[in-house]
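Asker: Chains as they are written, first to last, in the working numbering: chain A, 1 to 355; chain B, 1 to 325.
There may be inaccurate statements among the hints.
Said to hold, decoys possible - Which chain B residues stay away from chain A? Per the calculated CB distances, all over 10 Å, these:
no.	residue
1	Arg3
2	Ala18
3	Tyr66
4	Ile103
5	His153
6	Ala224
7	Lys225
8	Ile234
9	Lys235
10	Val286
11	Ile306
12	Val307
As the list claims (entries may be wrong) - Below, computed lysine to any residue pairings styled on SDA-like, alpha-carbon distance capped at 20 Å:
no.	chain 1	residue 1	chain 2	residue 2
13	A	Lys201	B	Thr247
14	B	Lys235	B	Thr247
15	A	Lys201	B	Phe24
Said to hold, decoys possible - Some, not all, of what chain A presents toward chain B, calculated at C-beta under 10 Å:
no.	residue
16	Gly303
17	Asn307
18	Val310
19	Leu329
Keep in mind the hints are simulated off the structure, nothing from the lab.
Every residue, glycine too, gets a C-beta built ideally from N, C-alpha and C.
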Amino acid sequence: MAARDQTLGPDPGGSEFSGGLEVELTADERKAGLAGAGPYRLAARRLRRNRTAMAFGILFLILVLACIAAPLWAKHVAHREFDDIPGSSEMVTKGGEEVLIIDLSGVPIGPTWHGEYFLGADGSGRDAAVRLLYGGRNSLIIGIGAALITTFFGLVFGVAAGYFRGWTDSAISRLLDIIWAFPVILLGIALGTALALGGLKLGPLEVSGSSLLIPILVISVVYIPYLARPIRGEVLALREKEFVEAARAQGQGSLRIMFSEILPNVITTVIVFFPLLVANAVLLEAALSFLGAGVQAPEPSWGTMINDGVDRVVSAPHLAVVPGVMLVLTVLALNIFGDGVRDALDPRAKVKIDA
Amino acid sequence: MTRFIFRRLVAMVIVLFAVSLVTFFIFQVLPGGDPAVRMAGKQPTETQIEAIREEWGFNDSLPTQYLTTMQNLFSGDMKSYTTQLSVTEEIWHGLPRTLALAIGAAILWMAFGVALGLYTAMRAGHVSDRLLTVLALIGISMPVFWIGALMNHYLGYELSNTLGFELFPNGGYVEFTESPFEWAHHLILPWIALSILFIGVYSRVLRSNVLETMNEDFVRTARAKGLSERQVLIKHVLRNSLIPVVTLWGLDFAVVIGGGAILTESVFNLQGVGQYAADSIGQLDVPPILAVTMFGAFFVVFFNAIVDIVYAVLDPRIRLEESAA
Numbered sequence: 001m002a003a004r005d006q007t008l009g010p011d012p013g014g015s016e017f018s019g020g021l022e023v024e025l026t027a028d029e030r031k032a033g034l035a036g037a038g039p040y041r042l043a044a045r046r047l048r049r050n051r052t053a054m055a056f057g058i059l060f061l062i063l064v065l066a067c068i069a070a071p072l073w074a075k076h077v078a079h080r081e082f083d084d085i086p087g088s089s090e091m092v093t094k095g096g097e098e099v100l101i102i103d104l105s106g107v108p109i110g111p112t113w114h115g116e117y118f119l120g121a122d123g124s125g126r127d128a129a130v131r132l133l134y135g136g137r138n139s140l141i142i143g144i145g146a147a148l149i150t151t152f153f154g155l156v157f158g159v160a161a162g163y164f165r166g167w168t169d170s171a172i173s174r175l176l177d178i179i180w181a182f183p184v185i186l187l188g189i190a191l192g193t194a195l196a197l198g199g200l201k202l203g204p205l206e207v208s209g210s211s212l213l214i215p216i217l218v219i220s221v222v223y224i225p226y227l228a229r230p231i232r233g234e235v236l237a238l239r240e241k242e243f244v245e246a247a248r249a250q251g252q253g254s255l256r257i258m259f260s261e262i263l264p265n266v267i268t269t270v271i272v273f274f275p276l277l278v279a280n281a282v283l284l285e286a287a288l289s290f291l292g293a294g295v296q297a298p299e300p301s302w303g304t305m306i307n308d309g310v311d312r313v314v315s316a317p318h319l320a321v322v323p324g325v326m327l328v329l330t331v332l333a334l335n336i337f338g339d340g341v342r343d344a345l346d347p348r349a350k351v352k353i354d355a
Numbered sequence: 001m002t003r004f005i006f007r008r009l010v011a012m013v014i015v016l017f018a019v020s021l022v023t024f025f026i027f028q029v030l031p032g033g034d035p036a037v038r039m040a041g042k043q044p045t046e047t048q049i050e051a052i053r054e055e056w057g058f059n060d061s062l063p064t065q066y067l068t069t070m071q072n073l074f075s076g077d078m079k080s081y082t083t084q085l086s087v088t089e090e091i092w093h094g095l096p097r098t099l100a101l102a103i104g105a106a107i108l109w110m111a112f113g114v115a116l117g118l119y120t121a122m123r124a125g126h127v128s129d130r131l132l133t134v135l136a137l138i139g140i141s142m143p144v145f146w147i148g149a150l151m152n153h154y155l156g157y158e159l160s161n162t163l164g165f166e167l168f169p170n171g172g173y174v175e176f177t178e179s180p181f182e183w184a185h186h187l188i189l190p191w192i193a194l195s196i197l198f199i200g201v202y203s204r205v206l207r208s209n210v211l212e213t214m215n216e217d218f219v220r221t222a223r224a225k226g227l228s229e230r231q232v233l234i235k236h237v238l239r240n241s242l243i244p245v246v247t248l249w250g251l252d253f254a255v256v257i258g259g260g261a262i263l264t265e266s267v268f269n270l271q272g273v274g275q276y277a278a279d280s281i282g283q284l285d286v287p288p289i290l291a292v293t294m295f296g297a298f299f300v301v302f303f304n305a306i307v308d309i310v311y312a313v314l315d316p317r318i319r320l321e322e323s324a325a
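Given the sequences, and given the hints that come with them, work out the whole structure.
Answerer: Shown next, in the form of C-alpha cells:
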C-alpha cells in the first residue's frame, strides 16, 4: 500500500466509504492494531503517512510563517516598510557598488541578494521582498478570512436548509441559486467595484472602501453555495438516520439536534473543503486585485504586485515573476495538502470548486 | 416531457429576473458613491450635479430606475459614464473576439484534458502518472493572468526579439476576415493560456471517472466475454466516463463566454467583452460592468437550462426525479 499513499488523485482500489464516519480499514491498518481506533485518528495516521501531502502542508506553513514575520524582516533586515518610497537620489549597494535604486532611465534595480532590496525594487523604488511578504500577509489573511466566513455561512445555510426542509429550504436554495448563476469572477468584480467605491454600511458596521474586509466579504459571499449545497444534501440524508430519530424521540430541540447530532457528521466535508476554499479564495483575491477590484493601493497583495509587475514587465520582469511564484506555491501546497486530507478521510469523495 | 421543459423554462425566467435585480441592487443600492458627483468632474457646482442627476434619471424612484436600466440595456440606449458610447454596441463589438477565444480554447482543453486523463488513468501509479498528475495540479494552481502575462512577455516579446521574427505575436487581435492566418496566429497563446487550468481540471476528473468505471460490473462482463482491452476501454469505459466531462464542458464553456475569459482577454489585449468590463473597473464606469455582469449571468443561466433539458431528453430518470420533488 506504499504506492497508494503517494497517489494524488482518488484511489482506484480504495475502501468503500458509506457516508457518515465509518471508515473501512486497509490491510496495513488492521495489522497495526487500529481496528478500534476512531475515524479521525485513522485519518490523521493516513495523512501523516502521505509524504507528498505532508511535505506540501509543511511548505504552506513555512509560507504562512514567513509572511507573518514580515515586520521582523522589514525592521531588522531590510530596514524598510512596505510603503517606503525612497528619494530619487537614494543609493543601495549592489554587487559591491553603490547604485541608484531607480536608475536615470527609470528602471528599478534588480535583486541585490542581500538584506536591503533582496529582490530589487518595484516601479516606485519600494523594496520588492518586503512588499512580497507584506503582500503575502494580506493575500493569506484574505484567503483564510474569506474561507472561514464562507464555512460559517455555508454551514448555517446548508444545515438549516437540509434540516428544516420546506420553505426554509426553498428560500435558502433559491438564494444560493442566484449567487450560483453568476460567473465567480464577474460577481466578485461587481461586488468588489461597488463596495470599493463607497465602502459598506451595515447598521453599526462601517467599512471603508480600501479596507481588507471588503475583498474578504466579497470572496466569502461568492463561494458560499459551493459549500452550502453539498452540506444541505448530506443533512437531508442524515436527518432520516436512526440516531437523529432517537434524539428527537428523547425530546431534544431542533437546535440541539443540529449542534450535537448533525454538525459532527458534516464536519468531515468541511475539513475536506477548507484547504481548497482557501486556495480558491487566494486565487480569486489575486484575480480581483489584478483587475483593480480587490485590494486597493498602497496596500500590497500578490495580485496587485503582479498587476504592477506586468505594467513594467519589459524592463523588470522579476517584479511579475516573483509574486506569481509565491502565489502558485501557496495554492499548489494547499491543493496537494487538501487532496491528501480528502484521501485520508474519504478516498472516494469528489470535491470540486470552480476557479 | 413538454411539462418538464416548460417548468425548466419558467424557473429560468425567474432566476433571470432575480439575477437582474441582484445586479441592479449591487450597483444602484449598495452605497457606491453618487455617480452624478463622479461624472461632473472636479469641483462641480451643485446645479451641474443636479442637472446630471436629472438627465441620467438618478432622481427617479428605484423601481423606475430598474425599469429604465433594463429597457436601456436591451434597446442599446445604455451609455458609458465616461465615453458616452452605447454599452450594447461595445459588447456586440467584443463578442466575436470573446467567442473566438472561448471556442478555440474549449476545443483545446477538451482534447488535451481527455487525452491526459485517459493516459494517466491507464498508467495509474506509474511514474508518468504521478508526474502528469502533479503537472495537472500545477496547472490548476496557476492564475491565468500571471501565466498569460509571462507567456506574452517571454514568448511574444523576448523570443521575437531573439529570433528576429514573430513566432508568437505580443498580444493584440486580428479580424478573421482580414487574415485568417494572422487571426489564428494571434490567438494561439491566449488559447493555450486559457486552456491550462481546464486541462488540469478535466484530466483529473476524467482520470478518477475512468478508474471508477473500471471497477464496474459491466466492464468485468465486457472483459469476460472476451473483448480486447482496447475495445473495453473505448466502447465501455471511456464512453461512460465522458458523460460528466461533457456536461462540465458545456457549463464551463458558458462561464468562459459569460465573463470567465476576462483575465485572458485583458492580458493579451484582445479587446473582447471581458476586457471591456475590466477596463471600465479602473475608471469606475458602472454601466459597462453592470451590462457585462448581467449578460454573463444571463448566458450562464440560459446555457444551464439548455444543458438540463438536453440531459432530461437523454435520461428519463432526471425528469422523474424532478417531477417527484
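Asker: Given a cut of 10 Å on the nearest C-beta pair, is the interface hint for Val310(A) held or broken against chain B?
Answerer: Nearest chain B Cβ about 5 Å off; hint holds.
Asker: Does Asn307(A) meet its interface restraint, that is, does its C-beta lie within less than 10 Å of any C-beta in chain B?
Answerer: It holds, given that the least Cβ distance between Asn307(A) and chain B is near 8 Å, below 10 Å.
Asker: Beyond 10 Å from chain A, beta-carbon-wise, is Ala18(B)?
Answerer: Not fine: 5 Å to the nearest Cβ puts Ala18(B) too close to chain A.
Asker: If we take the beta carbon of His153(B), is the closest beta carbon in chain A still more than 10 Å away?
Answerer: 5 Å, violated
Asker: Do the alpha carbons of Lys201(A) and Phe24(B) lie within 20 Å of each other, as the hint requires?
Answerer: 18 Å, holds
Asker: Taking the closest Cβ pair, is Leu329(A) under 10 Å from chain B?
Answerer: 8 Å, holds
Asker: Regarding the assertion that Tyr66(B) does not contact chain A, is the least Cβ-Cβ distance greater than 10 Å?
Answerer: 16 Å, holds
Asker: Take a quick look at Lys235(B) and tell me if its Cβ sits farther than 10 Å from every Cβ on chain A, holds or violated.
Answerer: 20 Å, holds
Asker: A cut-off of 10 Å on Cβ-Cβ distance, and Val307(B) was said to be off the interface with chain A. Does that hold?
Answerer: Answer for Val307(B): holds, closest chain A Cβ roughly 13 Å.
Asker: Given Gly303(A) was flagged as interface, is its beta-carbon under 10 Å from a beta-carbon of chain B?
Answerer: The hint holds - Gly303(A) has a Cβ within 10 Å of chain B, the shortest such distance being about 8 Å.
Asker: Against chain A, does Lys225(B) keep a CB gap of more than 10 Å to every residue?
Answerer: 23 Å, holds
Asker: Was Val286(B) rightly flagged as not at the interface, with every chain A Cβ beyond 10 Å?
Answerer: The claim is violated: Val286(B) sits with its nearest Cβ about 8 Å from chain A, within 10 Å.
Checked against the numbered hints given earlier, the structure breaks hints 2, 5, 10, 13 and satisfies all the rest.
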